[in-house]
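Residue strings, one per chain:
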Amino acid sequence: MDIKLKKKASPYGVKVPENKLSDKIPIEPAPLPDKVVIPLQQNIGAPCKATVKKGERVLVGQKIGDSDKFVSAPIHATVSGEVTGTKMVINPPTGQLVNALIITADGKDEWLELDVPQSPESLPVKELLTRIRGAGIVGLGGAAFPTQVKLSPPPDKPIDTVILNGCECEPYATSDHRVMLEYGEKMLRGLNIIRKILDPKAVYIAIEDNKEDAISHLEKLIANSEFRDDFKIVPLKSKYPMGAEKTLIKMLLGREVPIGKLPLDAGVVVHNASTAKAIYDAIYEGKPLIERVVTITGAVKQPKNLLTRFGTSIGSLINYCGSMNKGANKLIMGGPMMGIAQFDLDFPVVKGTNCLVVQESKLREEHDCIRCGKCIEVCPMGLMPTDLARYAKAGRYDECKEKYIDDCVECGACAFTCPANIPIVQYVKVAKKELAKGATR
Amino acid sequence: MTPDNRLLISPGPHLWKGLSVNKIMYQVVIALMFPTGAAIYFFGPKVIPIMGVSVGVSILTEYLCKKLRGRAFIMDGSAVITGLLLALVLPPSIPLWMVAIGAVFAIAIVKEAFGGLGHNIFNPALGARAFMSVSFSAEMTTWTPTRFMPDAVTCATPLNESFVWQGSQASLYHALFMGNTAGSLGETSVLFILIGGILLIGLRTINWRIPVTYIGMVALMALAFGQDPLLYILSGGLMLGAFFMATDYVTSPLTNQGKIIFGIALGLVTVLIRHFGSMPEGVCFSILLMNAFVPLIDRFIRPKPYGVVKVVKKVSSEG
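Keeping their order, the protein sequence lines are chains A and B. Position 123 (the first sequence) corresponds to 139 in my numbering; numbering is contiguous. Position 58 (the second sequence) corresponds to 354 in my numbering; numbering is contiguous.
Derived from the structure by calculation, the hints contain no laboratory data. Worth double-checking, as some hints may not be accurate.
Unchecked claim - Okay, derived cross-link-like pairs now, DSS-like style, lysine-lysine, Cα gap no bigger than 25 Å in a straight line: (1) A:317 / A:36; (2) B:313 / A:378; (3) B:313 / A:409; (4) A:31 / B:313; (5) B:319 / A:378; (6) A:409 / B:342; (7) A:36 / A:277.
Said to hold, decoys possible - What the simulated footprint calls covered on chain A by chain B, stretch by stretch (three residues with Cβ under 8 Å from a Cβ of chain B suffice, anywhere in the stretch; the number is not a length): (8) 25-38; (9) 263-273; (10) 397-406; (11) 431-437.
We put the CB at the ideal spot given by N, CA and C, even for glycine.
Work the whole structure out from these sequences, hints included.
Listed below in structure tokens is the structure:
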């Protein structure tokens, strides 16, 4: 099985204004925070229980929360200091309240002694998986799905393809782009660990063609490495939502993930570029996931790519980039297409935070659907978004289900296009939540 | 957690293409200026009052309907389109009071009674035209010559059996294409309708599938019935109907496949009416007829959802 390596263009999706303001700006470390707020759930799956008590001194990289559930990832201290309390915060992807630990930093940045293996490459698969889980690694593309779960497919579901997702199709976001450029070698070694664990037939690195520099940089790195026969770079025409896992699989392999199933049901595992770099850190340097690159961009004085400790308040990052521009009134965590508007500048950066976009924004009025059908043309999942929105609005959630609402990846291509300004994704989210309630009732 | 008043909260996506309903409507209005201009050119300034009354009464009616329904009136341009389209499908000699009644019917009955823009089943302008053809049948079939026609002999539309053309076939095509022929205000000049229509296709405001399949099917059907396909395409309201009425978002199918089926069915019905019906023209009624089938088309013609495998329903094997 081989795929053509010419640029692939998707017939679906939308052309979005890319606005990659920070793609030429090197990663720099954000200032160490005086205080971090670390939510005990930062991933899809089970929340963690605190393993430290109030008043306890913690070191950087020390585990402070864990869970015994399979779909979970431990959480580590990101500064050295004292646990000074807890507070409830909203977990942005789910909207649920979760408990968070507050650590007041002592400014020493004292690390836990790292457990660096002698020969990382020869570790057995089981040990690799234990270390990846132990490091608290989750998918860094935004969904924050625990990585070791993705790397442990059931034995009856063989994986033949691994895709490293470097598409970064969200406008403004450049963190993956910078990681590919600056940590390319580490990322490839991390990808090699993924390859070792899953033993696929093919490994592809998918990158949108608006990142030519990353494509050529990685091509060079691969050509001069031992991976030259194993890793293939696939440039893709940039079109939103190219980087959505399911559409990416269809574009690259012509396969569809069955509705309601995971990519591994189609024999594919997709990992984000930054996740591969985090795997390198965990395996080669013994470093748990305590920081990530966050793009701070949009209407700020100086857009930056900041290597940020989790728990740092988003407000302090904005201030570090020279505060919000005059007139700017919206702060989005995540990209502008799928990100969530924040109401609290004290909210912490979490594992899934790839981007903070500041915007000058006005509320737009919703009109009645004029049945133009543009949402259907752009939907990458072959749905009829206008119908889903209409049924959801009327509370006819069962009909949403019949019309495959579970297929919706909430990419927002429909609402981006909608002339009537219907917040289609919001209606879909509401309907999905109501359906989930009904299922548990 | 204290909400920060400086921060605006709204659901995503936080980017918008910026193509609003208003913009789309005014794009159509601009495209309609071409057939409108042609109508004024060929029939003279005397047709301007028809357009003025039609558009003015349409807007006024929409305003009153919204007030009565307790809804906000938005000048979204859709009433302008309905008014203009209605004027363009009326004969040049139509009395203005009839135009006013037609415009009221179009907006109040065909559009607002069904819930307004986005909810109407039938194209408002065509609904009004059908209503007027039944109510004022004499005035609706009285055709006056254009300013450039030598006499009144040729005042039947080319699709009438009484139509006689004294000239070569080529000169007939030329007259039809340019617009020097009797007919409704905006149905005469194929050239200007094409300019407006192609503009809208280029702007991606309308979907090419409907006009192309519709006109193509009319040509094929004309051939099948041993008629002159070019004459069938160039005459009557086909061009205006195919580009500006059948493509109406609200009253046409949602999906591309649905639009193709819609266009083909339109072509079929139009030629059947023209060939077998008692009326010379079939565009108006075929579009209205097919409008009624749109919900059905949308119910069955849907895109294939990602990752859904068609499962053949097993017949229960009981008893």
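These are the hints, each one checked on the structure:
no.	hint	result
1	A:317 / A:36	holds, 15 Å
2	B:313 / A:378	holds, 14 Å
3	B:313 / A:409	holds, 23 Å
4	A:31 / B:313	holds, 9 Å
5	B:319 / A:378	holds, 18 Å
6	A:409 / B:342	violated, 49 Å
7	A:36 / A:277	violated, 33 Å
8	25-38	holds (count 3)
9	263-273	holds (count 4)
10	397-406	holds (count 5)
11	431-437	holds (count 6)
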